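Protein chains: 2
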Amino acid sequence: MKKLFFFLLLSFLAGQFVSAQSPDVLTIRKYGNKNAGSIISEFTEFLSLPNVAVDTAGQQKNAAFIMAMMNKRGIQKVQLLNASTADTPPAVYGEVMVPGAKQTLIFYAHYDGQPVNPAQWAKELDPFQPKLFSNAIDKGGTNIPFPADGSYNKEWRIYARSASDDKAGVAAILNAYDAITKSGLTPGCNLKFFFEGEEEAGSIHLNEILEKYRSLLHPIAIGSDLWIICDGPVHQSGKKQIVFGVRGDTHLDLTVYASKRPLHSGHYGNWAPNPAMMLVKLLASMKDDNGRVTIKGFYDDVTPLTASERKALNEVPSVDEQMKKELGINNVEMRGSTLSEAINQPSLNINGIQSGNVGKLASNQIPTFASAVLDLRLVLGNDWKRQQQKVIDHIKAQGYYVTTNEPTDEEREKYAKIIKVTPGLNGSVNAQRTSMDLPIIQKVIAAVKSSYGNQVVLEPTMGGTLPLFLFEEYLNAKTVTVPVANHDNNQHAENENIRIGNLFDGIETMGSLMLIR
Amino acid sequence: MKKLFFFLLLSFLAGQFVSAQSPDVLTIRKYGNKNAGSIISEFTEFLSLPNVAVDTAGQQKNAAFIMAMMNKRGIQKVQLLNASTADTPPAVYGEVMVPGAKQTLIFYAHYDGQPVNPAQWAKELDPFQPKLFSNAIDKGGTNIPFPADGSYNKEWRIYARSASDDKAGVAAILNAYDAITKSGLTPGCNLKFFFEGEEEAGSIHLNEILEKYRSLLHPIAIGSDLWIICDGPVHQSGKKQIVFGVRGDTHLDLTVYASKRPLHSGHYGNWAPNPAMMLVKLLASMKDDNGRVTIKGFYDDVTPLTASERKALNEVPSVDEQMKKELGINNVEMRGSTLSEAINQPSLNINGIQSGNVGKLASNQIPTFASAVLDLRLVLGNDWKRQQQKVIDHIKAQGYYVTTNEPTDEEREKYAKIIKVTPGLNGSVNAQRTSMDLPIIQKVIAAVKSSYGNQVVLEPTMGGTLPLFLFEEYLNAKTVTVPVANHDNNQHAENENIRIGNLFDGIETMGSLMLIR
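Chains Y and V, in that order, give the protein sequences.
Here our numbering is used: the first residue of the first sequence is 1, the next is one more, and so on.
Here our numbering is used: the first residue of the second sequence is 1, the next is one more, and so on.
A few of these clues could be false.
Since the list gives no way to pick one copy over another, a pair counts as held whenever it fits inside one copy or between any two copies.
Straight-line C-alpha distance at most 25 Å; calculated SDA-like pairs for lysine to any residue [unchecked claim]:
id	residue 1	residue 2
1	K360	D126
2	K260	N330
3	K123	L361
4	K417	I295
5	K72	L26
6	K396	D288
7	K296	A284
8	K154	G37
Just so you know, these hints were derived from the structure itself, not from any lab.
Since we're looking at a predicted model, the values are computed, not measured.
Make the full structure from the sequences, and use the hints.
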């Protein structure tokens, strides 16, 4: 009775009487508040483990840590799912079979992080020494000690690599299970847990793992009806969101070659070719002044949105002006396009460019080469190989001889413009979309709404990329993405962070999903 | 008699009977061969001292080392010429007054080097641990021990920062003095020595030092008739050269700003502006496909060559095809232009560009800013401030708001395209040319020819930059440049080196000049 009153009072305060948080959510919330100290303590220990995909030893420590977390919680069949190659970070698996359950939800998150360049992080930060701040640093937050009494403010932030992307996902999922079982609630369906270790490196062995462990994971065989992907940020409006698809992603590494040895810019300047000037002219030829890609056929192949997807897209709250203000930008790259529209188009983005040195290391030279990394996001209908080829054909049309190796002396003698083009170090992933109309999807929407007072944005696709097409291809499984991280989490870059409120909201949301019957 | 016979024989062998090496040069050569072990040993000790211009303590050690070299050779009035600021590397001065001498030659070299990025050097090299190689590394040279018997091959190379630029100059001058005096020869004129410590940082205090120590240095007061600038490389044909002028140099550091925080390239790619794309479009707008600078008025102001300069230029051996082969390039930036013609034009060169990361550090982000360093070489008639302004005006014409600071929130809100433009960290220097027709210049030409069998190239201007206009402005002094380094010395870049033969030829040339009467 007291519990119901509290629920009604809160619902009233939220102005969301009918559709506010359910009693179960409040139970989970209570657990979270009471155990915040130990939850954060375990989380920061987890964040202290370096987790760059190529660091095999570091990744194994992360996997072992997750296994320990799962064992501590009484999850069954905890095991590593290994690829055939020893240096591939394993996935970590566990399950909870619920008597009488009619379906299975598989919760996915990944524990690996993007590469770090500590020199680019704020002075007081270290990517693998999590620190607590009173707010986002760029909003004036300052470093504060972790509170001894476990009393956390929602606006505080923890800074560390993968604080948001995606160790927050692992923590939200496993703490949600803890909250349910330790509060006397019972999962409504079978639960499986799958934590990948190679997502930021393009999930290049995920297909192999899905196939190899098909008997554990296949929906037909054991009723795994839906994968819940807990990754990415919530909507920029601060509202929870459910995302039904993802953009694909592929990369090209470009290197333009000039003189074999670096030259004095005085003795040879404007006679010897400058590879940086060659590369900037090449890259500049790829977009017009309105931000449209000028590469032939770049926007072909795109599958149009369905009527319901178009409707959902129109209902997504506009955050463009808010985001422009927040990011300190006066205009957008693709002129006249909203953010929602832009992420429903394939993109071409320069991740990085480098030639010679700038700043204090700059010297009076003509560099020998210039490099850039291009990031091509894909939407439904695009094929990553075809999209790469369009860029390569464009480069050739600019007069370049394209090779996949360092040029030989013979090639140097023969061609005026030489470029090495190789696929980026990460794998390539096509886009994916799940229909909003499936019954299980409707239950997911209801569960997420129950945890967040109806304030839920339905996004046909997110801008980011997850290897969701693989689940369709190898397991014929449906996926839906339910992110928890704050949108301003600096994921993939320096100063990555998680807002405390988002971590605990995430626990509530994941818990609500586990209660689906 | 024996000496004369030997001279005639050598001259005959060189096919240069009339104008081959003089007996005095052969005397100097003999000294060099005999003392190669101790000369190289002192030189490598000198190269081991870090000498980046901003490293005050390191520079003081270099200056002290040079003073010790001069004192050991019995040079008089050895002293530091200090600027008013304590952290400015001092010039090192010394003199030798010769009874009855009618004129004074001041020998100039600089002991500071360009910044180093050790990561960019070949694996087996360290910029400040000189190593001996059997040839240039890119010609298959391998690391060999310094020979215990002091027997050196001309084709061997020493790799270290400033091996060529310009500690080779200091070593050639001081060993030339040693060779003369220890071989029983007598200088034909008063000698002064001036070793600068701030040349690679733009000689920003040289004017102050020249003015402060005017009484030591002024030609009218004490008859210092000509400065011999020993810096830069010999002609690419391998021939000695005398250079009568230099290009000027000025820099602009550019930084284009986009979002205040780094963004996930999936969630924001092709909506949020990409600063790398903005910068490449801006830089691409500065040159056409034929390598001509498209900035308005860029080639105005150029003072035409005189008839004798034009004649000398036409007689410079063409090295274009040789250089293209050597550098592994098929074409040149300024299409249809010879190297000699190109360096007689002002240039615009990208020294470096950087945004985000490439290679293994690349991540899926939209960077917050993109930077480039532009190097503008100037010819006679150009003024560095005017040339900088032409570039800034061009940037403004591309729609940029130009500031000299990080943009404020107000500026970010107001302007779509924001760029910070600041003068580079190094100072700016205008071009300079000395007339070939002066009597003292004719004596210099004869002396250099005497040391090198008439194979001397007369260059109206070199592509590189030295602050020679300051000697005219502050001392009303004439200058002429007599370089010693091999042309493929990688000066200013990684893997800098000196060819042993060039160091010892340099000793002979400097010695011949000291014998001018």
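To see whether the hints hold, each was checked on the structure:
1. Taking identical chains as interchangeable, the C-alpha atoms of K360 and D126 lie at most 25 Å apart whether they share a chain (23 Å) or sit on different chains (19 Å).
2. Proximity of K260 and N330 under a CA criterion of 25 Å is satisfied inter-copy only: 12 Å between copies versus 42 Å inside one chain copy.
3. In this assembly of identical chains, the alpha carbons of K123 and L361 lie at most 25 Å apart whether taken from the same copy (20 Å) or from different copies (19 Å).
4. For the identical chains of this complex, K417 and I295 are neighbours both inside a copy (19 Å) and across copies (24 Å), given an alpha-carbon limit of 25 Å.
5. When the C-alpha separation of K72 and L26 is checked against a cutoff of 25 Å, the pair qualifies only within one copy, where the shortest distance is 24 Å, while the shortest distance between copies is 87 Å.
6. Taking the shortest alpha-carbon separations for K396 and D288, both the intra-copy value of 18 Å and the inter-copy value of 19 Å come in at or below 25 Å.
7. Taking identical chains as interchangeable, the C-alpha atoms of K296 and A284 lie at most 25 Å apart whether they share a chain (15 Å) or sit on different chains (20 Å).
8. In this assembly of identical chains, K154 and G37 lie within 25 Å of each other by CA distance solely inside one copy; the values are 13 Å within and 72 Å between copies.
Consistency with the previously given hints is maintained throughout, with no hint failing.
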